[in-house]
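Enquirer: Read off the chains here:
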Amino acid sequence: MRPDAARIEALVAELLSELLDPVEAKRLAKTPARVAESLGFLTSGIGSRATAQTLAAAPASHGMVITRDIELYSMCEHHLLPFFGRCHVGYVAGARTAEPGELARVVDGVARRLQLQERITEEVAAALYEALEPKGLGVVIEAHHFCMMMRGVEQQRSSIETSAVLGSFRQDAALRRSFFSLAFAHSAEER
Amino acid sequence: MNQQNVERIVRELLIELGENPSREGLARTPARVAAALEFLTSGYRADAERLINNAIFTQHTNNMIVARDIELYSLCEDHLLPFFGRCHIGYIANQRVFGISKLARLADMHARRLQIQQRLTDEIAQTIFEAIDAEGVGVVIEARHLCMMMRGVQKQNSVVITSAMLGSFRDAPATREEFLALIARSRP
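First to last, the protein sequences are chains F and B.
For the first sequence, counting from 1, position 58 maps to 57 in numbering that gives the first Met the number 0; every step adds exactly one.
For the second sequence, counting from 1, position 79 maps to 78 in numbering that gives the first Met the number 0; every step adds exactly one.
Hints may contain errors.
Interface residues of chain F toward chain B, partial, derived using beta-carbon atoms under 8 Å [unchecked claim]: (1) LEU19; (2) SER37; (3) LEU38; (4) LEU80; (5) PHE83; (6) MET148.
Far from chain F, some chain B residues (derived; all Cβ distances over 10 Å) [claimed, not checked]: (7) ALA35; (8) THR40; (9) GLY98; (10) ILE99; (11) ASP132.
If you are wondering where the hints come from, they were derived from the structure by calculation, not from laboratory data.
Keep in mind that this is a model prediction, so the values were computed, not measured.
Don't be surprised by glycine CBs; every beta carbon is placed ideally from N, CA and C.
Construct the entire structure; sequences and hints are all you get.
Expert: What follows is the structure, encoded as C-alpha cells:
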C-alpha cells in the first residue's frame with residue numbers, strides 16, 4: 000500500500016498547529032506538503048522486499064571483496080529523527096556476485112524504513128546472503144544519531160558501530176578479523 | 000502543545016506510512032516524538048529577556064570578543080529535518096558584555112525553532128546587537144542540511160555558509176575582516 004500523501008499532509012498540518020502559534024503555522028503553509036513528500040521517500044522501503052537483482056555468476060576466485068563507505072541515511076523508529084553514516088559490506092563469493100551499486104540499492108531499500116541501526120545491519124546481511132549465496136559475508140555500519148546529538152544526552156561525536164557476520168565469517172575468526180580490519184581501515188577520518 | 004493530540008497525530012502518521020504502531024519498537028514512539036518535538040521547538044517559548052538580563056556585565060572594553068565553533072542543531076522549516084553545524088559569534092561591546100555561555104544559549108534558543116539558516120543567523124545577530132547595544136556584531140553559521148543529504152539532490156558534503164553583520168561589522172571593512180580571520184583557522 001502506498002502512503003496517502005494528502006492524508007499525511009493533513010496530519011502534518013495538524014501537528015504544526017499543535018507546535019506553533021497560528022501566525023507561524025500560517026507562515027509555514029507549504030511545509031506539510033513538503034514533509035509529506037519527504038516522509039514518503041524516507042519510508043519508501045516499508046513493505047517492500049530489499050533484494051539484490053542484477054547479479055553475475057561468481058568467478059573462480061576465493062578472495063574477499065569489500066565495498067566500503069556506502070552512504071547510509073535512515074530514520075530512527077523511536078524519535079523519527081535521522082541517523083546517518085557508512086555501511087561496509089564484505090563477502091567471499093559463492094554462487095553469485097553483485098556490483099557495488101547493487102549493494103548500495105539494498106542498503107537504501109532497508110534504510111528507508113523506520114529503523115534501528117542493529118536491525119538494518121542484520122537485514123542487509125540477510126538479504127545479501129540470500130541473493131548472493133556467498134561462502135561468507137559481513138556487514139558493518141558506523142552511524143551518528145540525531146536523537147543522541149540534538150536532544151537527550153547531546154553527545155555530538157559519539158558514533159554507534161554495529162556488525163553482522165554470516166557463513167564462513169562467523170565460523171572463521173581469522174577471516175572475520177581481516178574483514179573487520181579492512182572495513183575499519185580508514186574510520187579515523189570520519190566526520 | 001497538547002501532548003495527547005501530538006501523540007495521536009504521530010500514531011496516525013505511522014499507520015499512514017505503512018507501519019504497525021503497536022509493534023514493540025514503535026509502541027512508545029508517539030510519546031518520544033512528542034517530547035523530542037517539544038524540546039526542538041522550545042525556542043518559541045523561551046524567554047530571551049530572562050536568559051540575557053541575568054548575565055550582562057559592565058565591562059569597559061572596546062575590543063572584539065569571539066565565540067567560535069558553537070555546536071548548532073536546528074530543524075529546517077520546509078522538511079522538518081535537522082540541519083547542523085557550527086556557529087561563530089563576534090561582537091564589540093559598548094560598556095556591556097555577555098556572560099560567556101550566554102552566546103551559546105542564545106544560539107540554541109533561536110535554533111530550537113523551525114528555521115531557515117539565514118533567518119537563524121539574522122535572529123542571533125539582532126538579539127545580541129539589541130540586548131547590549133553593541134558597537135557591532137557578526138554571526139557566521141556553517142551547516143549541513145539533512146534535507147539536501149538524505150533526499151532531494153542528495154549532496155553529502157555540501158556546506159551552507161550564512162552570515163549577518165551589524166553595526167561596525169557591517170560598516171568597517173577592517174573590523175569585518177578581523178572577525179572573519181579569527182574564525183577562519185582550521186577546524187578541530
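Enquirer: Hint by hint, say whether it matches the structure.
Expert: Here is how each hint holds up against the structure:
1. LEU19: 7 Å, holds
2. SER37: 5 Å, holds
3. LEU38: Cβ of LEU38 of chain F sits 7 Å from chain B, so the hint holds.
4. LEU80: 7 Å, holds
5. PHE83: 7 Å, holds
6. MET148: 7 Å, holds
7. ALA35: 5 Å, violated
8. THR40: 5 Å, violated
9. GLY98: The claim stands: GLY98 of chain B keeps its Cβ more than 10 Å from every Cβ of chain F (closest is about 20 Å).
10. ILE99: Holds, because the least Cβ-Cβ distance between ILE99 of chain B and chain F comes to about 19 Å, which exceeds 10 Å.
11. ASP132: Holds, because the least Cβ-Cβ distance between ASP132 of chain B and chain F comes to about 28 Å, which exceeds 10 Å.
In the structure shown, a violation is registered for the earlier hints numbered 7 and 8, in ascending order.
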